[in-house]
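Engineer: Whole structure, please, built from the sequences with the hints as guidance.
As given, the protein sequences belong to chains A and G, one line each in that order. Residue numbering for the first sequence follows the numbering used here, beginning at 1 and increasing consecutively. Residue numbering for the second sequence follows the numbering used here, beginning at 97 and increasing consecutively.
Hints are computed from structural coordinates only; laboratory data are not their basis. All values derive from a computational prediction rather than experimental measurement. Keep in mind that a hint or two might mislead.
From the derived model, a few chain A residues whose C-beta atoms are all more than 12 Å from chain G [what the hints assert, rightly or not]:
{"hint": "1", "residue": "2"}
{"hint": "2", "residue": "4"}
{"hint": "3", "residue": "5"}
{"hint": "4", "residue": "7"}
{"hint": "5", "residue": "16"}
{"hint": "6", "residue": "33"}
{"hint": "7", "residue": "34"}
{"hint": "8", "residue": "36"}
{"hint": "9", "residue": "41"}
{"hint": "10", "residue": "47"}
{"hint": "11", "residue": "67"}
{"hint": "12", "residue": "78"}
Here are the in silico distance ranges between beta carbons for each label pair [as the list claims (entries may be wrong)]:
{"hint": "13", "chain 1": "G", "residue 1": "246", "chain 2": "A", "residue 2": "80", "range": "13 to 21 Å"}
{"hint": "14", "chain 1": "A", "residue 1": "47", "chain 2": "G", "residue 2": "461", "range": "54 to 62 Å"}
{"hint": "15", "chain 1": "G", "residue 1": "225", "chain 2": "A", "residue 2": "4", "range": "39 to 47 Å"}
{"hint": "16", "chain 1": "A", "residue 1": "88", "chain 2": "G", "residue 2": "322", "range": "53 to 61 Å"}
{"hint": "17", "chain 1": "A", "residue 1": "2", "chain 2": "G", "residue 2": "176", "range": "19 to 27 Å"}
{"hint": "18", "chain 1": "A", "residue 1": "50", "chain 2": "G", "residue 2": "180", "range": "31 to 39 Å"}
{"hint": "19", "chain 1": "A", "residue 1": "35", "chain 2": "G", "residue 2": "242", "range": "14 to 22 Å"}
{"hint": "20", "chain 1": "G", "residue 1": "322", "chain 2": "A", "residue 2": "41", "range": "52 to 60 Å"}
Heads up, the beta-carbon is just placed ideally off N, CA and C, and yes, glycines get one too.
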Amino acid sequence: MMPGDYQFRLFVAGGEANSRLAEQNLRAICNERLSGCHHIEVVDVLQDFEAALEARIMVAPTLLMVAPWPATFYGTLSNQAKLLAVLALEGDDHRS
Amino acid sequence: MAEPLPPPNFLPGRRKCPTRIEGLDQILEGGLPVGRTTLITGGPGTGKSLFGLEFLIRNALAGEAGIFVSFEEQASALRDNAATLGWALTPLEQSGKLFLFEASVNPKAVVTGEFGLQAFLSILARKLKVMNAHLVVIDAIDLVLTLMNDPVHERNELLALQQWLTENDLTVLMTVKAQYTAEQTRQYQFLDYLVDCVICLDNRLIGQLSTRRLHVAKYRGSGFGSNEYPFVIAPPGITLLPISMLELSHQPLGAKFPSGVAGLDPLLGGGFRRASSILVTGCTGAGKTILSGTFAQAAGTRGEKVLYVSFEESAAALSSSMTSCGIDLSSAIAAGSVYLLTSMPESMGAEQHLVRILALLRALQPHFLILESASACQRMGTPQAAFEFLVRLINRCKEAGITILLTNQTSGFRQTHEISGIGISSIIDTILVLRLVEQGDEMRRQLLVMKARGSHHSPCYHHFLITDRGIVLDQECH
Chain A
1 MMPGDYQFRL FVAGGEANSR LAEQNLRAIC NERLSGCHHI EVVDVLQDFE AALEARIMVA
61 PTLLMVAPWP ATFYGTLSNQ AKLLAVLALE GDDHRS
Chain G
97 MAEPLPPPNF LPGRRKCPTR IEGLDQILEG GLPVGRTTLI TGGPGTGKSL FGLEFLIRNA
157 LAGEAGIFVS FEEQASALRD NAATLGWALT PLEQSGKLFL FEASVNPKAV VTGEFGLQAF
217 LSILARKLKV MNAHLVVIDA IDLVLTLMND PVHERNELLA LQQWLTENDL TVLMTVKAQY
277 TAEQTRQYQF LDYLVDCVIC LDNRLIGQLS TRRLHVAKYR GSGFGSNEYP FVIAPPGITL
337 LPISMLELSH QPLGAKFPSG VAGLDPLLGG GFRRASSILV TGCTGAGKTI LSGTFAQAAG
397 TRGEKVLYVS FEESAAALSS SMTSCGIDLS SAIAAGSVYL LTSMPESMGA EQHLVRILAL
457 LRALQPHFLI LESASACQRM GTPQAAFEFL VRLINRCKEA GITILLTNQT SGFRQTHEIS
517 GIGISSIIDT ILVLRLVEQG DEMRRQLLVM KARGSHHSPC YHHFLITDRG IVLDQECH
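Structural biologist: This is the structure we're talking about:
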């Protein structure tokens with residue numbers, strides 16, 4: 001991991017539909033816009049309840065952006081424009 | 097082979113989980129439905145969370161583990177709230193009987209697309225298993241649901257949650273705010289139909305005093321007290337006083353005992369009866385307080401305890417007016433035979449006054465309660481509130497075998513046996529009437545035993561004097 005890389009923790013509820021959608025949407029954006037400079041950890045709250053308790057995760061899917069700054073997302077991440085805005089990636093693709 | 101069907105009209109008794117909140121189990125005829133969800137609804141500040149917290153604390157103390165899920169407050173805030181009522185949560189948490197589950201969601205989170213409560217349920221399920229707990233309070237779940245910003249989705253999540261709770265055989269108390277939407281239906285009102293028991297709380301102003309009330313709107317498969325019940329939140333917890341459920345379990349009138357007033361006992365056929373209720377009524381200045389003081393002092397001399405409640409005078413004023421008549425109230429207080437409680441009737445509602453006095457009765461276990469005066473109780477709010485206060489207090493004394501002496505100030509017009517315009521003479525055993533009568537160029541004091549249940553008593557007025565040695569009665573009829 002390099003400084004300035006995007007680091008995510010995605011909390012999913014097993015193979016449930018909303019969680020699968022969230023993971024697909026996150027990976028799509030990362031591959032398109034953050035290629036080579038992102039890291040995704042997927043946590044299944046049904047398996048690892050302690051991680052969920054520790055991070056106070058109540059809903060799934062929840063996406064925590066750990067770096068470069070903290071942000072929290074609830075839901076399937078279906079609104080790509082909104083997600084890009086929070087990630088400060090709106091507008092032209094300047095990284096690839 | 098199929099199980100035999102139960103006979104027709106057979107209603108299996110619902111299993112109940114006691115709340116252990118004073119008075120509530122009586123109203124719920126045993127407690128909350130086991131393995132089911134109970135809704136507790138009310139506006140802000142009505143005490144929903146405290147009901148939940150006390151339910152878990154009392155059960156934890158009795159050995160039943162429980163989890164308090166708060167979507168609103170931090171665990172530290174819950175501990176602080178509990179401390180104001182004298183409850184210490186930390187020992188219960190350490191012994192694994194109580195878990196404060198902070199389930200608050202991040203208000204700054206960006207919501208995009210659907211989500212569900214699976215993470216919450218996953219944690220809850222594991223915690224329940226580890227603690228071997230079956231009791232859950234879910235506080236302010238609306239905070240997470242409103243994030244969904246979609247009424248249909250909210251509703252579906254609640255339905256799923258409700259189903260999950262039932263499948264897991266949990267006894268649940270869920271708080272729901274009584275907020276009204278533009279359509280004038282309460283948020284999540286459909287839940288009322290889904291759950292087995294609905295408890296409604298409110299807090300309203302009656303005669304400038306706030307009064308808390310509880311009523312049970314529904315209890316599937318069980319009887320319940322269907323009235324509105326006043327309740328009080330004060331240490332050591334919530335207290336409900338279901339007046340309409342009072343069973344008449346009064347102690348029978350006991351043996352006679354001396355009144356302490358020289359010359360009065362023969363007029364009463366030998367003295368007052370123990371466990372009786374005595375009303376001393378008269379206009380201002382007739383000598384009611386002096387009679388009460390004499391009564392209290394005599395009890396102290398016999399080595400018996402008195403709780404003296406005055407809504408009329410301060411402790412200092414009371415002591416000094418007694419001293420001038422030869423009654424040493426201060427020494428009796430110092431010796432512990434008299435416990436004096438003075439307060440302004442307006443300072444709190446009738447319920448709060450009642451709870452305070454009942455707590456003192458429990459703590460002190462006195463032989464006597466003196467209350468000055470019944471008429472001042474009207475200043476606690478409405479005449480109805482004062483009447484209920486008095487009836488409950490007299491009832492409690494009669495159940496506990498405590499002799500109660502009440503004074504009542506009458507104006508010229510009011511009937512002597514009425515308090516607050518409502519007759520309570522049926523629960524009063526003895527009535528003494530004190531009056532001032534003009535005779536020539538002097539005012540003379542007279543006393544009449546108007547009623548003395550279970551005793552032969554004098555039928556006429558007797559003169560008496562207030563001297564520096566207390567009240568002195570003239571035995572002759574006048």
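Engineer: Can you name, in rising order, the numbers of the hints this structure does not satisfy?
Structural biologist: Violated hints (numbers, rising): 5, 10, 12, 17, 19; every other hint is consistent with the structure.
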